[in-house]
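*Asks:* Sequence:
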Amino acid sequence: LTALDSRGRAVDPEVARAAEEKAYEQRYGRMSPDLYDRVVAAESSRGGNATIPVSIWLNAPELTPQRPIVPDDQLAAAFSAYLDSLAQDVSVKRGNIVGELARMGVTPAVARYSPAVFADLTPGQIRRFSRHPDVAALYTPTERTLFSDDSGTTQRSFRVWAGANLGAGASS
Numbered sequence: 001l002t003a004l005d006s007r008g009r010a011v012d013p014e015v016a017r018a019a020e021e022k023a024y025e026q027r028y029g030r031m032s033p034d035l036y037d038r039v040v041a042a043e044s045s046r047g048g049n050a051t052i053p054v055s056i057w058l059n060a061p062e063l064t065p066q067r068p069i070v071p072d073d074q075l076a077a078a079f080s081a082y083l084d085s086l087a088q089d090v091s092v093k094r095g096n097i098v099g100e101l102a103r104m105g106v107t108p109a110v111a112r113y114s115p116a117v118f119a120d121l122t123p124g125q126i127r128r129f130s131r132h133p134d135v136a137a138l139y140t141p142t143e144r145t146l147f148s149d150d151s152g153t154t155q156r157s158f159r160v161w162a163g164a165n166l167g168a169g170a171s172s
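Residue numbers for the sequence shown follow my numbering, so the first one is 1 and each next one is one higher.
Derived from the structure by calculation, the hints contain no laboratory data. Be aware that one or more of the hints could be misleading.
[As the list claims (entries may be wrong)] Distance windows between CB atoms, simulated: (1) Val70 with Ala19: 48 to 56 Å; (2) Pro71 with Thr2: 49 to 57 Å; (3) Arg131 with Val70: 27 to 35 Å; (4) Ser44 with Glu20: 24 to 32 Å; (5) Arg9 with Pro33: 25 to 33 Å; (6) Glu20 with Asn59: 30 to 38 Å; (7) Ala41 with Ala136: 20 to 28 Å; (8) Asp84 with Glu21: 22 to 30 Å; (9) Asp120 with Val11: 53 to 61 Å; (10) Ala41 with Asp73: 53 to 61 Å; (11) Ser45 with Ala77: 50 to 58 Å; (12) Val40 with Leu75: 44 to 52 Å.
Computed from a prediction, not measured in an experiment: that's the story for all the values here. Just so you know, even glycine gets a beta-carbon here, dropped at the ideal spot from N, CA and C.
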């Protein structure tokens with residue numbers, strides 16, 4: 001793997017990656033580029049007081065559910081207890097952010113089993129949270145809408161296949 005700098009010279013890929021991450025962090029904080037653009041536009045056009053819907057993903061270790069090792073007749077109760085425990089753990093992880101939002105007069109929505117918080121925030125509030133140590137990323141909910149459509153896209157393909165359009169004779 002070869003990485004090139006702005007002058008076309010080969011550089012260590014790890015050094016290039018680290019420099020790119022640092023530049024990204026300096027410009028966007030933990031905001032996605034789309035959210036950053038919306039914040040800048042809101043600050044310049046509406047005096048910075050308009051709110052923007054934001055998804056806040058918290059710094060939390062990846063949660064990998066393990067199937068409880070219990071007899072099948074006890075699985076439902078064991079899994080329910082596991083989900084209750086997971087919801088409690090996630091609630092604790094969200095505590096600082098939810099508390100800070102409440103002190104700002106913001107009522108957030110939360111995801112029950114994931115470290116995510118959803119709120120309408122002003123550009124100033126977004127900038128504040130983009131540097132918060134408990135926050136991993138901030139983005140606009142609309143950025144992830146297309147990813148949620150995978151199942152529907154796959155299902156719609158069946159109609160194409162049913163019409164005998166299987167790609168035969170297609171060229172790129």
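*Asks:* The structure should be examined with respect to each hint, and the outcome stated for every one.
*Replies:* Status of the hints after comparison with the structure:
1. Val70 with Ala19: 48 to 56 Å: Roughly 50 Å apart at Cβ, these two residues keep to the hinted range, so it holds.
2. Pro71 with Thr2: 49 to 57 Å: 56 Å, holds
3. Arg131 with Val70: 27 to 35 Å: Since the Cβ atoms of Arg131 and Val70 sit about 44 Å apart, the hinted range of 27 to 35 Å is violated.
4. Ser44 with Glu20: 24 to 32 Å: Cβ of Ser44 to Cβ of Glu20: about 27 Å, so the range 24 to 32 Å holds.
5. Arg9 with Pro33: 25 to 33 Å: For Pro33 against Arg9, whose Cβ atoms are near 27 Å apart, the range 25 to 33 Å holds.
6. Glu20 with Asn59: 30 to 38 Å: 21 Å, violated
7. Ala41 with Ala136: 20 to 28 Å: 24 Å, holds
8. Asp84 with Glu21: 22 to 30 Å: 37 Å, violated
9. Asp120 with Val11: 53 to 61 Å: Given a distance of about 42 Å, which is not inside 53 to 61 Å, the answer is violated.
10. Ala41 with Asp73: 53 to 61 Å: Since Ala41 and Asp73 have Cβ atoms about 57 Å apart, the given range 53 to 61 Å holds.
11. Ser45 with Ala77: 50 to 58 Å: 54 Å, holds
12. Val40 with Leu75: 44 to 52 Å: Because 51 Å falls inside the window, the suggested range holds.
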